[in-house]
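J.: Each chain, letter by letter, is given below.
Protein chains: 2
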Amino acid sequence: MEIKEAVDLFKKKNSLMAAYNHAMGVMYYDIETAAPKNAAHGFGETMAALSEVTYKLSVNEENFELLDFLTAHSDELDEITRREVEEAQKSLKLLRSIPIDEFVEYQRIQSEASSVWHEAKVKSDYAMFEPHLRKLVDYTRRFAKYASPDTDPYDYWLNEFEEGFTQDVLDDYFGKIKAALVPLIHRVMEKPQADDSFLHKHYPAARQRELSAYLMSVMGINRDDCSIGETEHPFTTGFNKHDVRITTHYYEDALASSMYSVIHEGGHATYEMNNSDELLGSPLFGGASCGMHESQSRFYENIIGRSRAFIDLVFPKIQEMFPEQLDGVTAEQFYKAVNRAEPSLVRTEADELTYSLHVLIRYEIEKKLLRGELDTKDLPAEWNRLYKEYLGVDVPCDKEGCLQDSHWSGGSFGYFPSYSLGSAYGAQILAHMKKELDVDSLVRNGELNKVTDWLREHIHKYGMIKKPKELLQICCGEDFDPKYYIEYLTDKFSKLYEL
Amino acid sequence: MEIKEAVDLFKKKNSLMAAYNHAMGVMYYDIETAAPKNAAHGFGETMAALSEVTYKLSVNEENFELLDFLTAHSDELDEITRREVEEAQKSLKLLRSIPIDEFVEYQRIQSEASSVWHEAKVKSDYAMFEPHLRKLVDYTRRFAKYASPDTDPYDYWLNEFEEGFTQDVLDDYFGKIKAALVPLIHRVMEKPQADDSFLHKHYPAARQRELSAYLMSVMGINRDDCSIGETEHPFTTGFNKHDVRITTHYYEDALASSMYSVIHEGGHATYEMNNSDELLGSPLFGGASCGMHESQSRFYENIIGRSRAFIDLVFPKIQEMFPEQLDGVTAEQFYKAVNRAEPSLVRTEADELTYSLHVLIRYEIEKKLLRGELDTKDLPAEWNRLYKEYLGVDVPCDKEGCLQDSHWSGGSFGYFPSYSLGSAYGAQILAHMKKELDVDSLVRNGELNKVTDWLREHIHKYGMIKKPKELLQICCGEDFDPKYYIEYLTDKFSKLYEL
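Line order of the protein sequences matches chains A and B.
Heads up, the working numbering is the position in the first sequence plus 71, with the first residue counted as 1.
Heads up, the working numbering is the position in the second sequence plus 71, with the first residue counted as 1.
Heads up, some of the hints might be wrong.
Remember, identical chains collapse to one label, so a pair may be satisfied in a single copy or spanning two.
[Claimed, not checked] With a straight-line Cα cutoff of 30 Å, these simulated BS3-like cross-link-like pairs (lysine-lysine) come out:
1. K108 x K84
2. K83 x K127
3. K127 x K84
4. K470 x K164
5. K75 x K127
6. K192 x K554
7. K108 x K82
8. K83 x K108
9. K82 x K127
10. K532 x K108
11. K439 x K192
12. K540 x K247
13. K108 x K521
14. K108 x K388
No lab work stands behind these hints: they were computed from the structure.
Go ahead and model the full structure; you've got the sequences and the hints to work with.
T.: And the structure:
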């Protein structure tokens with residue numbers, strides 16, 4: 072085969088695959104936002120049928136040969152095509168190594184586990200879920216061994232989610248985080264808390280919708296490229312740089328909840344909308360990794376959105392929109408209220424300071440599970456012990472404990488660390504951005520576009536062309552270093568709580 | 072091949088095709104309701120890719136052989152499978168007979184015509200659209216000849232949209248309609264009009280959304296099977312009986328607009344939700360024909376929704392929801408206001424009495440176009456002449472004249488008559504329903520479910536298993552007869568206008 076012919080064939084397959092992924096992505100968005108309740112069954116059937124088609128399109132000898140041929144000639148490919156081939160190989164590596172009957176069986180087990188987990192969570196009944204989790208852990212370890220026999224299974228999965236971040240890096244990272252944050256949180260807890268009761272007055276959803284529009288405009292989000300919908304759990308999904316969707320959920324007694332979910336998801340959306348035009352239709356559209364994606368959402372949410380400068384920028388407008396609820400409240404009080412930190416039970420509701428300890432606990436647990444050092448039967452006890460030790464809280468029930476997250480029920484082990492890494496990336500990126508930009512002044516003056524321009528040029532435009540470690544080099548001229556994150560949190564919360 | 076094997080293969084193909092159609096349907100719904108504006112380009116690319124896949128799935132020798140085999144053994148098939156095969160053959164008949172290069176060229180022309188029409192309508196510039204329409208007419212005639220050389224082209228297309236309704240039937244039908252309605256409308260026009268100014272006070276969209284929910288509940292629509300969205304032009308789309316979507320558009324200065332669009336689309340939705348369970352996943356899901364579908368929407372909208380009994384049922388609630396706007400208005404006044412009839416320019420805004428004359432004009436024009444008796448260049452003059460003659464109105468510009476509808480720009484000739492036939496079916500069905508049910512009393516008492524039960528048992532449950540003419544036999548024990556429609560309109564409007 073000629074290179075050109077092979078590349079054309081490869082690109083053609085990518086286009087078709089993109090069409091399927093687009094359609095399935097829209098169906099997923101639709102079922103979460105618009106579909107009536109009873110649509111679920113038909114949705115499941117169609118998704119299963121289309122998944123089978125896409126599976127067959129990519130998992131077949133002809134495609135393997137094509138990819139192997141292109142891989143062998145990767146020197147002759149342009150950068151984007153080379154990365155596309157590399158990502159295709161990566162996504163197929165596991166499928167190529169697993170016996171098909173085990174793969175099918177695993178799909179069944181995963182789907183069952185997911186459905187049992189939903190029920191178990193409602194009933195707070197871990198025993199019900201445990202046998203399913205056990206099977207998933209077993210398969211997860213086994214599959215890693217198929218794909219990479221000489222690699223520690225947890226390292227295999229960590230590397231899948233965040234390339235280059237295996238246990239040696241993460242042990243060091245989390246060790247430093249724990250050493251710094253556990254005592255910092257203790258000191259914070261000894262201080263009086265700011266009053267945030269005004270955030271919990273009645274905030275009508277209709278008005279909050281207007282606030283969302285305002286925040287998106289402050290972020291410079293082009294609404295012709297990005298819509299906002301409403302779902303129980305906020306999320307972002309993008310089909311190409313001109314079609315990105317964010318969602319939020321309005322709680323009428325919690326102003327900050329939707330406000331910060333819009334800024335968070337708006338950060339994810341900004342990343343995708345700022346991909347370069349050459350990634351239109353490419354499988355490299357999106358973010359470099361889960362961690363890098365999360366770094367952008369949390370950058371906007373916390374580093375920008377919860378900064379004093381941002382509050383100075385937006386508070387007058389927010390007060391104008393909610394004059395009764397925020398009567399007499401100052402920007403300083405609002406700033407302190409949206410930055411209240413205290414140990415809690417649920418990761419997704421955790422504040423900026425304590426968040427990474429929630430992730431650390433999950434890291435330690437899944438590490439032990441995959442290394443065979445923790446039996447799934449003993450998981451709740453270990454979970455509760457760690458929450459007590461690191462965060463000082465007593466877990467009242469598994470619903471608010473080890474059953475709270477869906478990740479494990481979906482077979483994702485090794486995903487959690489990327490949430491924390493995202494925050495750490497963000498702090499490191501900020502430190503270097505500040506050498507070039509006066510970030511606080513720009514934000515205070517409403518010139519967020521200049522911050523976003525910097526991120527677009529250093530991160531967003533690359534989509535998946537560059538890997539997380541390469542992007543950190545581009546942004547910072549150095550490798551990943553957790554010290555910036557620790558310094559950032561220590562500095563911010565020492566000032567906030569006058570330590 | 073064994074019959075069983077062939078049927079299994081056929082059903083498997085149907086399932087896969089259903090998955091594609093489901094995905095494309097959701098994408099279409101999404102682009103109309105939720106997608107950001109700039110999503111259009113990516114949407115077009117994905118739809119083109121998936122359309123090509125589905126085209127290849129059905130238009131191939133292997134599939135033709137399968138269908139021919141099953142057709143040859145149709146006696147051995149159960150009723151549903153037999154009808155599925157028949158419909159598949161019908162939908163492929165044209166594709167099998169058209170040279171592939173002409174089909175591809177036609178797709179291009181159609182897509183171009185559609186896009187030019189949008190612009191031409193905005194600019195009210197028929198000359199811009201005319202060359203495209205000319206090509207479409209030419210292809211439409213040619214394709215009919217390929218598919219059925221011995222049939223008059225317009226008869227071919229009419230029969231495609233509404234089986235059994237060719238020019239001889241429709242000439243008779245429209246002749247009677249014209250003879251009865253033109254003088255009736257003249258008499259109505261001599262009478263004073265009821266005041267409907269209260270319908271054009273300010274009706275906030277938020278409140279109108281609550282009215283939609285109320286109307287859907289009055290209609291007995293299970294919201295777990297049917298959602299409501301908002302689009303510029305209301306429509307209904309259904310993926311299976313448990314996943315139907317209606318849309319509406321709220322005009323804050325026109326209460327009746329959204330109100331009757333919800334009832335109209337709710338009628339379409341009710342039809343699909345009432346398909347029998349055995350049609351889940353079958354291509355026979357939906358309605359027997361365009362005309363039969365329209366008969367149900369217009370039955371709920373006009374025959375039920377604009378009846379005195381229905382106004383008695385819902386007006387107290389509507390007045391409660393809009394106490395200021397409807398202060399002092401009586402149910403009788405409301406009834407007269409929503410039934411105001413007068414000649415107008417735009418079909419989609421026409422009242423119940425004049426509606427079929429709008430359709431008649433289109434019927435006469437497309438008949439002449441396809442018979443070569445009218446040159447596309449002369450279309451506006453003919454259009455304007457007919458509007459003056461039948462409806463007594465002067466057409467000020469082509470935007471409100473012959474460019475108003477999208478149908479011809481999409482290559483649909485022969486579709487319009489089904490709109491009018493739907494109304495006529497409804498009146499005939501009503502006459503026979505009344506032999507078994509006291510429709511007015513049921514409606515007045517809020518027992519619409521009994522009316523819907525009757526329609527489900529006589530029409531809805533069959534989906535596409537039965538054809539329009541068969542359904543009329545089931546409902547009425549007789550063939551189509553326009554006299555009921557004429558009697559219904561004459562009676563209703565004679566009373567309303569005290570003729």
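J.: Tell me, which hint numbers fail for this structure?
T.: Violated hints (numbers, rising): 4, 6; every other hint is consistent with the structure.
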